[in-house]
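Peer 1: Spelled out, the chains give:
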Amino acid sequence: MKKNIAFILVLALISAAAWMSCQKIDDPLVITSQREFPDLPDDTTGGDTTVNPPNFISTFVDYKQVLLEEFTGHLCVNCPEAAKMAHDLAEEVDHKLIIYAVHAGNFAAPIPNSALDADFTCDVGDELFPTFGIYANPLALIDRVKFNGLRQIATGDWETVVTDQLQEANTVNLKLSNTWYPSLGAVAIDIETTFLGDPEGQYKLAVYIVEDSIVAPQLNNNPNIGDGGDTLYNYVHRNILRDAVSPYYGDFLGVEGNVVAGEVYTKSYTYPLNGDWVTKNCRIIAYIGKSDPALNLVDIVQVAELEIKVGE
Amino acid sequence: MKTLLFRSLTILFVFIGMAAGAQSFLEGGKVNGNIQMDAQYYSTDDKLGITDTTLNFRKFGMNAFGNVNYTNGDFSAGMRFESYLNPMLGFDDRFEGTGIPYWFAKYKVGTLEMTAGHFYEQFGSGLILRGWEEWTLGYDNNFYGFNAHFSPIKGVMLKGLVGTQRYFWEPYETGNRGIVRGADGDFFLNDMFESMAESKTKIDLGASFVSKYEKVPSFTYNIETAFDSISDGGDTTQWINQKNYKLNLPNNVASWALRANIAHGGFNFYGEYAQKGADPNATNDYIFRKGQALYSTLSYSTMGLGIFLSTKWIDNMSYKSKLTETGNPPMLDINYLPAITKEHPYSMATMYPYATQPNGEFGLQGQIIYTLPKKSALGGKYGTTLTFNYSLAKSIQKDTLSASSVTGGIAGTDGYETKFFSIGDLTYYQDFNFMIEKKFNSKIKAKAAYFNQTYNKHVIEDNLYDDHNMVDANIAVLDLTYKFDRRNSLRAELQGLWTKEDDGDWMALLLEYNISPTWFFSVQDEFNYGNPDGDMQVHYYNVSFGYTQKSNRFSLRYGRQRDGLLCVGGVCRYVPASTGFTLTLTSSF
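Chains G and W supply the protein sequences, listed in that same order.
Here the first sequence is numbered in the numbering used here, starting from 1 and rising by one per residue.
Here the second sequence is numbered in the numbering used here, starting from 1001 and rising by one per residue.
A few of these clues could be false.
Claimed, not checked - Facing chain W, a subset of chain G residues (Cβ under 8 Å, in silico):
| hint | residue |
| --- | --- |
| 1 | Ile25 |
| 2 | Asp27 |
| 3 | Leu29 |
| 4 | Gly201 |
If you're looking for bench data, these hints aren't it; they were derived computationally from the structure.
No residue lacks a Cβ here, since even glycine has one placed at the ideal position from N, Cα and C.
Please model the complete structure; the sequences and the hints are all you need to start from.
Peer 2: What follows is the structure, given as structure tokens:
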């Protein structure tokens, strides 16, 4: 009889869980972010469209580059070593490896009234961290591909995956250019993409802004980095993710992401920089990947990085 | 898929190992199973526009399954092995491959029955949960997880399950589909209460709850508005305010249903009402409206007379364990919305079948079967059976709400308003049919039937909710069987379909010679003589024979298959036109 009662209780609990597992949706559409930026900023070429404005800069990538999204935090003692390894690897491969650091999760939390009070988290980082199931630091997404069945890749496998990805044939050429408008404090970004074949799936373009060379304290356990201390007070943080210029998971290229070979797809964005950031250290990173119903944007096929030109 | 196969085989080997390690486990055990193989060899056919390119150079298709079940007392285990090499025409390419999509181990101790692995389950009529498989449709939404049945006292059956659903060969991963949880209680009052044990009125009540959890995708929208700012120096700058929105999709969608079955004498009443929480999905264009459904049947039977009435009203009840799944082919359905149109055995009468419309429909069916008594003036020596059947499916009334300013469509809104049990103006389907079955003497048996069908081709085939492509068809069938002796018989089927719409008029003739129980031979022709396109006035001919040896059955057919919808229980699959050989082999042990 006791068994029966226990079983009824278990079933009652399952029923209750099922009953309560209904989410009431008060607002079907929620605002995730909001920003204001100047429209078609007045450039300094006097209306002459045949010459580039003085603060124009451009890069063209017609070979496969790889994106490494490094999930890190200033409380993560193993992260400086991982970051160094990633950037050393980028040097080795002629900077065909593009890296940015996502400060999110518990290791990125600021500690008030301490040397580690800086907050390098941002909205897009807080979105990526749970979406891709980042369960520890340091972990990376490399082209958001799977390695041994997982997209979260541990440091020991970074070199292998980066090498594998670099051997992939280039499938899309990417031209990234930007113009800095000092009077408006805004950067205008133009992107042209051309697919070399008719790929399967739907493709999206995402554009992020990162800031390089931020000096701030970082916990550490590698005696060969910096002064080797437990806290590196003058640690140079590389390419910290600051914001998404496009929607977090990008904009569709072509019609709903369906692209055809040879067609040139263009996207333009204007982005006012936060006054607290050092403009000359900011970089634009644009990448193209496949749309995914659950993870939104995976399997990155191309990526480019470009600084902002603040003066002659 | 390799991982799935590997896992499945590992588990099976563990079971076999357990069995081998315990001799007593094998004692008294029984093994049975069955196999079916459907294979088609396709030919090109200029008349039907079938070329090597349209066939994608696949000259051969084969769908096959084999079930093996082991039973020993209260323990049973089994598996189904499937191959689609290549999938036959009309089956989704994603089925291509071989594997074990279904295996289970089940035991019963006392009144508790537990199943681990894959299982099929149904709560009530299935309005909020039904797992089922239909080979001819390529439909399989089995659950993979745990299922428990428990009867704490006589008359009470409690069920609980947690699982994920089959999606072709794709193993479950976080994000690629949801998890289904459900519980059901069934209470047969006449068994529960001694005072009702002898009552002629039998009452069975039930309640069920189902919830799905899913990691939802992100759908984002940008709205930009322009405004000007004037600097201290008087310069005007135009600015843009950009708001990024996302659809607040629910991770959990719950549903519940209450049901009652009351029987008294020849009367039987079944009624079930279900409600589903906000479930924006690809089928309903991401509206946040709740869903509801009502289904009921009433039947009465007595000597020589059977009356059956059923009705249903469905509003926004597509319920899948992946919200982006569109339903073609139908996969990951958690629930089943019963079809209440009659399924017919004759090819012309099934040319225009009904497919359930989960976003909203009203349905009604009535059937009377009356047998004129034997040896009466009209009944003749053997009696005559008359069947009248009428079914109707219509839209429900929907007052569409204004589009969302953010999404530009109904996504993100409640979509529409409706009143419970309202009936709309748009007819989806109507079928009136009448059949007489009469045995004239020990040699001759005849069936004659007439069907009048109204078929909304736009709604049923194209998801266009208008009446711009209605088909009104009249169909007549004469089915005669002549028995030469105890073993030999000849059956002839003459059918005609007349319509001014779609492909126009058809005639069909079937001759089937049976040498019971071993052989059958048949020839058939369906001739689309009224097709408005003269080139498509095609004979869809077929020649076939079959041979039965013990529980093995072979049949071979050569001919043309016309294109159309194949529906079972309101769930449909499009079958493209093809020409060639079809071999079917079934066997059981």
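Peer 1: Per the CB criterion, is Leu29(G) less than 8 Å away from chain W?
Peer 2: This interface hint holds because 5 Å falls under the 8 Å limit.
Peer 1: Double-check Asp27(G) for me: the hint is only fine if its C-beta lies closer than 8 Å to a C-beta in chain W.
Peer 2: holds, 6 Å
Peer 1: Does Ile25(G) meet its interface restraint, that is, does its C-beta lie within less than 8 Å of any C-beta in chain W?
Peer 2: holds, 5 Å
Peer 1: Return the status of the interface hint for Gly201(G): holds when the least beta-carbon distance to chain W is below 8 Å, violated otherwise.
Peer 2: It is violated, given that the least Cβ distance between Gly201(G) and chain W is near 14 Å, above 8 Å.
Consistency note: the structure conflicts with earlier hint 4 alone.
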